[in-house]
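Following the hints, put chain B in place on chain A, whose structure we already have.
Each chain is listed here by its residues.
2 protein chains.
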Amino acid sequence: MNIAVVGLGLIGGSIAKAAKQNTEHRILGMDINESVRLKAKLLDAIDEVCTTDDLPNCDMVILALHPRAAEEWLQQSAARLKEGSLVVDCCGTKRKICQIGFELAEKYRFHFIGGHPMAGIERSGFDASSGKLFSKASMILTPEQNCDIRQLEFAKRFFLSLGFARITLSTPEEHDRIIAYTSQLAHVVSSSYMKSPTAFSHTGFSAGSFRDMTRVARLHEGMWTELFLENREFLAAEIDRLVLQLQRYREAITEQREDDLRILLKEGRELKHKIDELS
Amino acid sequence: MNIAVVGLGLIGGSIAKAAKQNTEHRILGMDINESVRLKAKLLDAIDEVCTTDDLPNCDMVILALHPRAAEEWLQQSAARLKEGSLVVDCCGTKRKICQIGFELAEKYRFHFIGGHPMAGIERSGFDASSGKLFSKASMILTPEQNCDIRQLEFAKRFFLSLGFARITLSTPEEHDRIIAYTSQLAHVVSSSYMKSPTAFSHTGFSAGSFRDMTRVARLHEGMWTELFLENREFLAAEIDRLVLQLQRYREAITEQREDDLRILLKEGRELKHKIDELS
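In the order they appear, the protein sequences are chains A and B.
For the first sequence, numbering that gives the first Met the number 0 assigns the number 0 to the initial residue and increments by one for each residue that follows.
For the second sequence, numbering that gives the first Met the number 0 assigns the number 0 to the initial residue and increments by one for each residue that follows.
Chain A extracted, bound-state conformation (with noise of 0.2 Å):
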């Protein structure tokens, strides 16, 4: 099977070399980046560099762009794409991206599922790409509700196969919702931690949970400005809930409401608890 990765970045490159590792497709790669694509051809993380021409002979398309240019891309490449052929996405917001494709491929009768492979790392581009980056992480799949069953079926063997444990299926609306608490929020926090000026002393002052709170502040910036403009609602939600809790847990310090703060503490503890036993 011809299997063009549009976009051979962290998750393109990743998914290219995972596919070229563990299947045995022939993995055709598309970049904007021509020091990229040589590159990925020199390491074998494709087989082939592959032009629009390609095209038409490819059986599955992975989009693994940032979300407008992802958006831009299925635009104008629909028309190009193979009938019967099944392309999935990795954009980390599922509405937009879902809408556009799955109208494209009603009209250009291709199959479309949206794809969020949960394994990111803070650094970006095909440097950064691993055969291994899927390992342990959960695959999201969000079909249309009337999909074809045996190209979902294929999608799920296939994403398993680049070492996923696992495959969760959603809609694109619960994807979004879910997505702005699990990871955008994640990000906010981290980025808006960063800003305190007591940050400068740190040194000497600081370990794991400094280091993990901050971890995700090294984000690629553009890429998620674009997502949480695209999640906006959702995110802004979760932001006020957490700004809400924030709030609650300094009242009771500055009041020194003892009970109360250890209570609070006991729950934050006991919901870790629960929900790591629910993973």
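Hints listed in this document are in silico derivations from the structure and should not be mistaken for laboratory results.
Any given hint could be a false lead.
Stated by the list, open to error - Listed next, the in silico PhoX-like pairs over lysine-lysine satisfying Cα-Cα at most 25 Å (straight line):
1) B:Lys273 to A:Lys194
2) B:Lys194 to A:Lys273
3) A:Lys155 to A:Lys131
4) A:Lys106 to A:Lys81
5) B:Lys95 to B:Lys106
6) A:Lys135 to A:Lys273
7) B:Lys155 to B:Lys81
8) B:Lys265 to A:Lys194
9) B:Lys194 to A:Lys265
10) A:Lys81 to A:Lys95
11) B:Lys131 to B:Lys40
12) A:Lys155 to A:Lys135
13) B:Lys194 to A:Lys194
14) A:Lys155 to A:Lys81
15) A:Lys155 to A:Lys95
Stated by the list, open to error - Quick look at which bits of chain A chain B covers, simulated, 3 or more residues with Cβ under 8 Å:
16) 215–225
17) 244–254
18) 263–270
Just so it is clear, CB atoms sit at the ideal spot from N, CA and C, and this is done for glycine as well.
Relative to the frame of chain A, chain B by itself:
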């Protein structure tokens, strides 16, 4: 040299184990829990169980109790301590314990240096202790202004021998101000983060950022309540700063001020980069 470790929990147990492994000192251990005392002896984490009768023979006392228990122990035991001996506590805030320690030290002619090992994990108790807990960590010491320089030198060498990578000297006030940000705020955020109702849907939708953000929500609420209340002004100021930042991000998101949002995220990334380089 006879060294008493008072309190054989995560920190005291780890200090005893590291001291036994890496030094020639005779390690005596004190704990209110008999089974912990017996287990520590059985596992060679200590040479002998320590009673109050042994205190006049101890050249160094390491106080590894929660803040209030440490304050009480010091008040009750100061009269029994050996003249010229050195006491170092391990409390997570330093102003209150140091004030008590410095006063009693002058009255009873022993030496007191405030201490805070910047190494913890999200578990507590002797069973979680390890002789390797302090590897790569910083040991903060807050001596009195006119402290005996030989005692300080001894304390530095002793803690480096336990595996600490560096000794950070500070005043109790500076320590409490910075620790409110680097450690206490992170614990407040982690605990608050767990309170969103969305948390129960996280399975399959989360990865490293959620795990790191909420790791320290598994805190010992009794100890952290004491620490937060002792440090309430500094901690409240840091919570306020974070809330203010979160609201700036929230407004840029909901008002779709794309350039402003990108700049906020870029600033956070650059601060994280600069501050990591300081370490």
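Hint-by-hint comparison with the structure:
Proposed proximity of Lys273 of chain B and Lys194 of chain A is supported: the alpha carbons are some 12 Å apart, at most 25 Å. Annotation: proposed proximity of Lys194 of chain B to Lys273 of chain A holds, straight-line Cα distance about 12 Å (limit 25 Å). Taken as a hint, the Lys155 of chain A and Lys131 of chain A pair is honoured in the structure, with Cα atoms around 18 Å apart against an allowance of 25 Å. For the given pair, Lys106 of chain A sits about 12 Å from Lys81 of chain A by alpha-carbon distance, which is consistent with the 25 Å threshold.
For the hint pairing Lys95 of chain B with Lys106 of chain B, the CA-to-CA distance comes to about 17 Å; that is within 25 Å, so the pair holds. Pair hint Lys135 of chain A plus Lys273 of chain A holds up; C-alpha atoms about 20 Å apart against a cutoff of 25 Å. Under the criterion of a C-alpha separation no larger than 25 Å, the hint pairing Lys155 of chain B with Lys81 of chain B is consistent with the structure, at around 20 Å. Restraint check for Lys265 of chain B and Lys194 of chain A: satisfied, since their Cα atoms lie roughly 11 Å apart, inside the 25 Å limit.
With a C-alpha separation of about 11 Å, the suggested pairing of Lys194 of chain B with Lys265 of chain A holds against the 25 Å cut-off. For the suggested pair Lys81 of chain A and Lys95 of chain A, the alpha carbons sit about 23 Å apart, so the restraint of at most 25 Å is met. The straight-line distance between the Cα atoms of Lys131 of chain B and Lys40 of chain B is roughly 18 Å, inside the 25 Å bound, and the hint therefore holds. Distance restraint check for Lys155 of chain A and Lys135 of chain A: the Cα-Cα separation of roughly 15 Å lies within the 25 Å cut-off, and the hinted pair is therefore satisfied.
A hinted pair counts as satisfied when its Cα atoms are at most 25 Å apart, and Lys194 of chain B with Lys194 of chain A qualifies at roughly 23 Å. Restraint check: the Cα-Cα separation between Lys155 of chain A and Lys81 of chain A comes to about 20 Å, which is no more than 25 Å; the hinted pair holds. Annotation: proposed proximity of Lys155 of chain A to Lys95 of chain A holds, straight-line Cα distance about 22 Å (limit 25 Å). Coverage of a stretch by a chain is defined here by at least three residues with a beta carbon nearer than 8 Å to that chain's beta carbons; for the stretch 215–225 of chain A and chain B the count is 8, and the condition holds.
A count of 8 residues in the stretch 244–254 of chain A with a Cβ less than 8 Å from any Cβ of chain B is obtained; the coverage claim is therefore met, three being the minimum. As drawn, the stretch 263–270 of chain A meets chain B at 7 residues by the rule of a beta-carbon pair under 8 Å; at three or more, the given contact holds.
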